[in-house]
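> These are the residues of each chain, in order.
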Amino acid sequence: MNWTKLIFYLFLLAVIVMGVFFYRWVFANMLLAVVFSYILDPFVSWFERRRFPRWFSVLAVYVIIGGVIAWFTMRFIPDLVQQGNYLFSMFTSGEKISGQYIVNLPFFNGVFRFIQDLDTKIPNLDLAPRVLVFLDNTNTFLAAIPKLLIDNYQNILSTISLIATIPLLSFFLLKDKYKLRKAALEFSTNRYFEVCMILLRKIDATVGTYLRAMLFEVIVVGVMASTALTFVGVPNPVLIGATAGVANIIPYFGPFMGGALAALSVLISGGSVATVIYAIIAMYLVQVLDNNIIYPLVVGGTISMHPLIVLCTVIAGGWYGGIIWMLVSVPLVYIVYSLTRVLYINLKDFEII
Amino acid sequence: MFELHIAWLKTLLHKSDKFAYLKRYSIFKELSSFELYLLNNYFHARSFKAGEMLFDKNYPLEVIYFVEKGEISVTGNAHPSGHSTVKKHQILGLLDMFHENIRSSSAIALGDLETIAISRHDLTDVIRQNPRMGIKILTGICHFYSNYIFTICKPVE
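Quick note, the sequences are listed as chains A and B, same order.
Going by the numbering used here, the first residue of the first sequence is number 1, and it counts up by one from there.
Going by the numbering used here, the first residue of the second sequence is number 354, and it counts up by one from there.
Any given hint might turn out to be false.
Stated by the list, open to error - Output of the computed footprint for chain A on chain B, the stretches with three or more beta carbons under 8 Å from beta carbons of chain A:
no., region
1, 382-394
2, 401-410
3, 413-420
4, 487-499
Hints listed in this document are in silico derivations from the structure and should not be mistaken for laboratory results.
We treat Cβ as the ideally placed atom computed from N, Cα and C, and that holds for glycine.
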C-alpha cells in the first residue's frame, strides 16, 4: 500500500469536509446564484458575440434588468401593494371577517343554510356552530400574521441580504464561466473526460433551458391571468395573476391553485356565483393557451413525468420545506432524473460500468 | 521620421495574439483574433501518457482532439489501410463528427501526447451562433476533407 498516497487522500478529504462545513452557510446563496446565472447566460453571450468584453456584457445585462425591474416597480408594485394590503386588512381586521361575516356572504350563506338544515334534520350534529368556530379560529390565525412578521424580522432581513448577494455571486459566475468550466473539467481523468463533457453539456441544456422556459412561462401566465381576471371583474387581478403565474411552475396542480384563489377572492369580496364561473373560465382559457401554445413553443414539450409522481413530489416537497419546496421540487426531481439517466446511458456506452 | 515614430509606438501598443496557436490548425487559419478568442473558450487541454487509450471503437462521439505534441495511432474502417497516424497539428475525430454519433475507430497515444479538445456540440454551437465565423470554419473543414480524399486516392492512381 502506498502510504504517502493514502495520507494525502485523507488530508484532501479532511480539507473538503472542513471546506463544506465552513462554507455551508453560502450554499443556498450559491445555488440561487447558479440559477440566476443560467437564466442570464444567453443574454451575456449575445453581448459577448458583439465584441463586448465579458465583464462589460454582464454589467450591461444587469443594467437592462435593473431598468426593467425599476419600470415594473413603478408600474405594477403600487397595484400589488394596494391589493395585498386590501386582502391583508380583510384578514387581519377581526371584526370585518369574523365567522359570522363570512357566512353572511352570498355564496357562503347558501352553504351555511344547507348546513343549518342538516343540523335540524340530524339530531346532535351541531355542524353550524363548529363551522363558525373554525372560521373564527382561521381568522385569528391570519390576524396574527403581522405579529409573526415582526417576531421574525431577523429571518426576513437575512433573506433580504441573501437575495442581495445573489447578483454579486452571479456576476463572477457569469464573467468567469469558461474558466470555471475548464477548471471543473481539469479534475476529470482522461477516462471520464468525455463523460464529464457530455454531463456538463446536458446540465447546460436541461437546467438552462428549463429555468429560462419556466421564468418566461411564469411571466406570460402572470400577465395573461391578470389581464383575463381584470376583464372578468375579479378583485385584485394583478396579485392573483402573479400568484397564478408562480403557482404554474407546479405541473397539473399549480393551475388549479390560481383558479381556486381567483374564485375565493370573488367569494370573499361578496361577488356573485356568475363572476366565480367567469373567473374559472378565464383561468381555464389561460391554461389552454399556456398548454397548447406557450409551453410547447418555449420548452418544446411537456415534462414527461406521470401525474402520480408529480403529486407525490409536490406533497413530499411540501412536507420537507413548505411552499418554496413545493414549487422547486418538481423541476428539481425532473432535472436530477434526466441527469441520472444521461449519466447511466453514457457510463454504459463508455463501458465504465 | 514621424512615421517611424508612429510605427514604433504601434509596435509598443500591439498586443501579441494570445490565441494565435489555434491558427496552426487548417480549419481555423482564416479566423480573426476575436473569433479565436471566442473559440478558445471551448477548448480544454488534455495530456495522455504513451500507450494510453483516447477512445475505443463504438464509444459515443463527443470530443474532437487537436494534437499539440506527440502522435496518435488510429485503427478503424475510415482509413483505407485500416490504420493511420495523426501527427502534430492534425485533427482527430473530424471525420466522425458528420457521420455518426459513435466512434468509427480506436485511438491510442504513441508517445507522451498533448492535445486540446473541444466538444463537437460546442463547435457546432459556435458555428451556428456566429455565422461569419462559421462559414470560415466550414470552409476550412471542406479544405480538410478535400485534402483527405486526395491523399487517400493517391495510392490508387
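> Against this structure, judge whether each hint is valid.
For each hint, the structure was consulted:
Counting residues of the region 382-394 of chain B whose C-beta sits closer than 8 Å to any C-beta of chain A gives 3, which meets the bar of three, so the coverage hint holds. Counting residues of the region 401-410 of chain B whose CB lies closer than 8 Å to any CB of chain A gives 5, so the stated coverage by that chain holds, three being the minimum. Against chain A, the region 413-420 of chain B contributes 3 residues with a C-beta closer than 8 Å to a partner C-beta. That satisfies the three-residue criterion, and the hint holds. Counting residues of the region 487-499 of chain B whose CB lies closer than 8 Å to any CB of chain A gives 0, which falls below the minimum of 3, so the coverage claim is violated.
Taken one by one, the earlier hints fail for this structure only at number 4.
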